[in-house]
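Enquirer: Listed below are the residues making up each chain.
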Amino acid sequence: MPNSKLFKGSLSTIILKLLDKEGKMYGYEITQKVKQLTHGKLKITEGALYPALHKLEAEGLLEVEVAKVQNRLRKYYKLTELGEKETVNRLAELEDFIRSMQQLVNPNWNIL
Amino acid sequence: MKISNEQIDELYRFTQKHFVDYYDLQTELVDHLANGIEAKWQTNPNISFKNALSLEFKKFGVFGFSEVVEERRRMLCKKYRGFIWNYFKAWWSLPKVILSASFIYLIFKVLNGIVDVSMKEMIIASFFTTIVFLISIKSYFFHRQMKLRSKKWMLQDIIFRQLGIADLFIIPVNLLSVTNQTQFLNNTYSDLALAIIMVQSVFLFKIMFVDIPQKSEELLAQTYPEYRMV
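Protein chains in written order, with my numbering: chain L, 238 to 349; chain V, 8 to 237.
Calculated directly from the structure, the hints in this document are not laboratory data.
All values reported here derive from a predicted model rather than from experimental measurement.
Ideal Cβ positions, reconstructed from N, Cα and C, are used throughout, including at glycine.
Hints may contain errors.
[As the list claims (entries may be wrong)] Some chain V residues near chain L, calculated using beta-carbon distances under 10 Å: (1) K9; (2) V37; (3) D38; (4) A41; (5) N42; (6) A59; (7) F72; (8) G120; (9) D123; (10) K154; (11) E233.
[What the hints assert, rightly or not] A short list of chain L residues far from chain V (calculated; beta carbon distances all over 12 Å): (12) L279; (13) V301; (14) V303; (15) E330.
Given only the sequences and the hints, what does the whole structure look like? Please build it.
Expert: Encoded structure:
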């Protein structure tokens with residue numbers, strides 16, 4: 238994304254939304270999924286992804302599972318019950334924010 | 008092409024070389040780098056392991072792994088403070104609160120009964136010096152225990168190093184040396200305040216140096232699902 242500052246504030250919401258849809262994911266998989274869904278327009282940097290994941294885990298919104306895959310251990314993240322509720326709240330907040338921004342930058346535009 | 012076992016070991020060494028000392032974080036980063044390298048090999052099978060690794064590492068930005076380590080430490084320190092707080096709260100909930108209040112009352116009565124200020128000062132100073140001495144002994148053994156471990160876990164490091172909170176116990180000793188002792192120590196309110204501080208200090212010492220380290224295995228297994236796997 239050309240301006241990563243715009244995207245940074247929504248990183249945790251993006252992670253929560255992805256995990257809500259996919260069930261469980263590991264760090265690398267999240268970066269690739271975002272890249273694929275946005276056709277390469279959004280790239281989650283590794284230096285931002287793991288701090289965000291660890292923060293969400295510390296907040297009790299994510300829980301971890303570890304599995305041996307090939308010759309290494311892989312850490313999967315998934316939503317907790319609290320995380321599922323928070324995902325709904327944060328998505329609503331994000332949509333509200335987008336709506337407000339649209340009204341500011343383009344008053345004739347409208348989303349439902 | 009897949010990453011070999013030797014290359015996995017090399018990735019662990021690479022993370023350590025870049026200041027990631029903890030096995031828990033190393034494991035997550037090793038898997039990430041390995042996935043990235045394997046993806047690079049799919050599109051360009053001729054790229055060497057070292058070059059692919061270098062390209063993957065660059066994605067972490069100019070600070071490398073340091074942001075990941077710092078944030079993880081911040082989160083685990085918060086978790087550790089949560090453990091302390093939970094133990095601490097137990098001393099102020101029924102039935103333990105009766106015992107805690109009794110300790111405070113008992114120490115208050117003893118302090119209040121001492122008329123000689125220098126004697127009172129000596130008792131208080133000895134009390135905190137004993138705690139600081141016990142902390143030094145405990146810290147020495149914890150340090151040795153940590154050195155013997157082949158794998159370092161970040162939470163374990165925090166539990167056995169206590170975030171430097173131990174230094175707080177020296178404050179009362181320093182305060183005694185800078186305050187107007189005669190005026191300060193000949194006062195019922197200061198006796199009560201000292202009794203409260205002394206009892207809390209003992210609780211804090213017990214929680215940080217006995218209770219939590221004793222439960223460390225359980226706390227680590229709760230935090231790290233992989234703890235019992237390796």
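Enquirer: Taking the hints in turn, state whether each one holds.
Expert: How the hints compare with the structure:
1. Interface restraint check for V/K9: the shortest CB-CB distance to chain L comes to about 6 Å, inside 10 Å, so the restraint holds.
2. Against a cut-off of 10 Å between C-beta atoms, the interface hint on V/V37 holds, since the closest Cβ of chain L lies about 6 Å away.
3. This hint holds: V/D38 has a C-beta 5 Å from the nearest C-beta of chain L, less than the 10 Å allowed.
4. At a threshold of 10 Å, the smallest CB-CB gap from V/A41 to chain L is about 6 Å, leaving the interface hint in force.
5. Proximity of V/N42 to chain L holds as hinted, the smallest CB-CB distance being about 4 Å (cut-off 10 Å).
6. The beta carbon of V/A59 comes no nearer than 14 Å to any beta carbon in chain L, farther than 10 Å, and the hint placing it at the interface is violated.
7. Among the interface hints, the one on V/F72 holds; its C-beta lies about 8 Å from the nearest C-beta in chain L, closer than the 10 Å criterion.
8. Violation of the interface hint for V/G120 is found here, the shortest Cβ-Cβ separation to chain L being roughly 48 Å, above the 10 Å cut-off.
9. Below 10 Å, beta-carbon pairs count as interface contacts, and V/D123 has none with chain L, the closest being about 51 Å; its hint is therefore violated.
10. Interface hint status for V/K154: violated, as the beta-carbon distance to the closest one in chain L is roughly 24 Å, over 10 Å.
11. Given the 10 Å rule on beta carbons, the hint for V/E233 holds: about 4 Å separates it from the nearest Cβ of chain L.
12. Residue-level check passed: L/L279 sits 14 Å from the nearest beta carbon of chain V, beyond 12 Å.
13. With 12 Å as the threshold on Cβ separation, the claim that L/V301 sits away from chain V is violated: the shortest Cβ distance comes to roughly 6 Å.
14. L/V303, annotated as away from the interface, has a beta carbon of chain V within 12 Å; the closest lies near 4 Å.
15. Every CB of chain V is more than 12 Å from the CB of L/E330 (nearest about 22 Å), matching its label as outside the interface.
Hint violations for this structure: numbers 6, 8, 9, 10, 13, 14, all remaining hints satisfied.
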